[in-house]
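A.B. asks: Those sequence lines, one after another, are chains W and S. When the letters of the first sequence are read in order and numbered with full-length UniProt numbering, they come out as residues 1 to 278. When the letters of the second sequence are read in order and numbered with full-length UniProt numbering, they come out as residues 1 to 294.
For the record, the hints were derived by calculation from the structure and aren't laboratory data. Note that beta-carbon positions come from the ideal geometry of N, C-alpha and C, so glycine has one too. Accuracy of the hints is not assured; some may be wrong.
[Unchecked claim] Below 30 Å or equal to it, Euclidean Cα-Cα: the simulated BS3-like pairs (lysine-lysine) are:
hint, chain 1, residue 1, chain 2, residue 2
1, S, K187, W, K120
2, W, K120, S, K106
3, S, K2, W, K126
4, S, K106, W, K165
5, S, K106, W, K106
6, W, K144, S, K187
7, W, K103, S, K187
[Claimed, not checked] Label-pair ranges, simulated between beta-carbon atoms:
hint, chain 1, residue 1, chain 2, residue 2, range
8, W, R48, S, S30, 55 to 61 Å
9, W, E163, S, N288, 29 to 35 Å
10, W, I141, S, Y99, 27 to 33 Å
11, S, Q3, W, R48, 22 to 28 Å
12, S, W188, W, N171, 23 to 29 Å
13, S, R170, W, N232, 32 to 38 Å
Here is what each chain is made of, one letter per residue.
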Amino acid sequence: MSSSSENQKSTVKLKVDNVAVDTTNKNRNIVYDTKDLNLWYSETHALRDINLSIYEKEVTAIIGPSGCGKSTYIKTLNRMVELVPGVRTTGTISYQSKNILDKSFKVEDLRTRVGMVFQKPNPFPKSIYDNIAYGPKIHGIRNKKILDEVVEKSLRGAYIWDEVKDRLNENAYGLSGGQQQRLCIARCLAVQPDVILMDEPTSALDPKSTLRIEELVQELKNDYSIIIVTHNMQQAARISDRTAFFLDGKVVEYDNTNNIFTNPSDTRTEDYISGRFG
Amino acid sequence: MKQIDANRLEARMNSRVRNNNIWKVIFFLSTLVGLVVLAILLIRVLMQGIGWLDWNFLTAKLSSNPDRAGIMGALLGTSWTMLVVIPVTIIIGIGSAIYLELYAKKGWFQNFIQTNISNLAGVPSIVYGLLGLTVFSRFLGLGNAVLAGGLTLSLLVLPILIVSAQEALRAVPQHLSEAAYGMGATKWQTIRTVILPAALPSILTGTILALSRAIGETAPLTVLGIPAFLLPFPNGLLDTFTALPMQIYYWTLDASLVAEYANLAAATIIVLLLLLFILNSIAIFIRNKFQQRY
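Next up, chain W with everything else stripped away, as it sits in the complex (with noise of 0.2 Å):
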């Protein structure tokens, strides 16, 4: 039994080693800082004592067993896990300086700036140029060159523009899993936003359309912050320049992705990485 674990735990080690290059910049701006926030959903408490601070342009993962909070963390984000009835929450999380979670700060104003995709891909039931048009046209944008451009443009920074060019006016639905799910992601970018939020965007895709997401993440992280919610210990490892690992609705570690997966310093971190619980 300790043997074969152990090598899984090497095999994981192995292929780590292969990206192992700390991409991480000291000198980042810092986009959202996290002070002591905690989470409860009526009685439960979902997030403890979180200290978090995101840096700018950089892809941050985070991993962490089933109801670890990974998710409410990053839905937390963006106000969304207000629509859940009964969330209260404590603490601040400054984002350009503003206390998000301050009722005065307009939530439509903050998933404005910061986009979100969601685990299963979600276009609306509508054409693919007005599943992309549908963030500027609520925002007020009428006029239809403007629109033109915007919908080309974000369709070609998701990497899906050639698939779709032909057949802007037929229904996104057509599409298969993969790409709606990068119509997903080209509509978040019409917005515009400075961060997009991701919450195990690839989950329900399978192993190649996977890939090209990351592939469009590593892409994307040049001109948004990305924080990625992943299931997958793997997927943090190849695209993720810092990872924070959640255990409990606590933060555990949270360091450049090369030191937690070659030396993390809490055994917690070590035990889910290497495969024994999670």
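With chain W held as given, fit chain S onto it using these hints.
C.D. replies: Coordinates of chain S only, in the frame set by chain W:
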């Protein structure tokens, strides 16, 4: 050691299969009862009324002479009441459904309203007639005008419409509205551009079914005192009127005086059934044509 004896299984096989067939027959017969009764009803009504159904019957004024009597007045009366029922129920019904389903905070108050709407949907229609008589006919002084009848019928079908519109709104998957919220849409923008368009086919279906209920209702109109014998056609919301089901009711009552009135009632039933059949077909068409898979 084997727990299951293959020989005993074999022996039980025949009785299991027979039992299966018996239940199938029982369920088929239950269905047949409804079908047979419906068929008898339709055949009887058709045989009695089809000979009396002609252009004159549809377009003529009411008359005490069965050969000259027509139902134009009742058709117009039903149409006028629908002109009241349609906008009133759509605006109030869909509005309430949106509030209850999407805006109201979950809690005892919302629960209380919800339970009461479900209860109202089960209140006997004659009670709505009494309410209409008190509020619209007497208090507002509308008497037995189109407006009084239309508003009474609106009250009657509102709970049904609200409940079905709520179900339609609830069926719109949450991940669609999350996508809109995630891009910074306000609640109203999300409702207008995502939730309502997705729920509209089901809402329309529910609305049409509620309308066909209103068209067929008789009891509340009897309580309002809709006249038995009315010669002038209604020309507006404040005119006295009669409606198709009322016409059927009075002709059936008077069949003991003039035997042919029974045939006129049957012919009117055919017209009413056709009308309901067309409405329900439209509802089915909308459901099939515009139903979206999310």
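A.B. asks: For every hint, state whether the structure bears it out.
C.D. replies: Okay, the hints, checked on the actual structure:
no. : hint                        : verdict
1   : S:K187 x W:K120             : 22 Å, holds
2   : W:K120 x S:K106             : 27 Å, holds
3   : S:K2 x W:K126               : 60 Å, violated
4   : S:K106 x W:K165             : 45 Å, violated
5   : S:K106 x W:K106             : 23 Å, holds
6   : W:K144 x S:K187             : 25 Å, holds
7   : W:K103 x S:K187             : 16 Å, holds
8   : W:R48 x S:S30: 55 to 61 Å   : 59 Å, holds
9   : W:E163 x S:N288: 29 to 35 Å : 31 Å, holds
10  : W:I141 x S:Y99: 27 to 33 Å  : 30 Å, holds
11  : S:Q3 x W:R48: 22 to 28 Å    : 51 Å, violated
12  : S:W188 x W:N171: 23 to 29 Å : 25 Å, holds
13  : S:R170 x W:N232: 32 to 38 Å : 33 Å, holds
Of the hints listed earlier, those the structure fails to meet are numbers 3, 4 and 11, in rising order.
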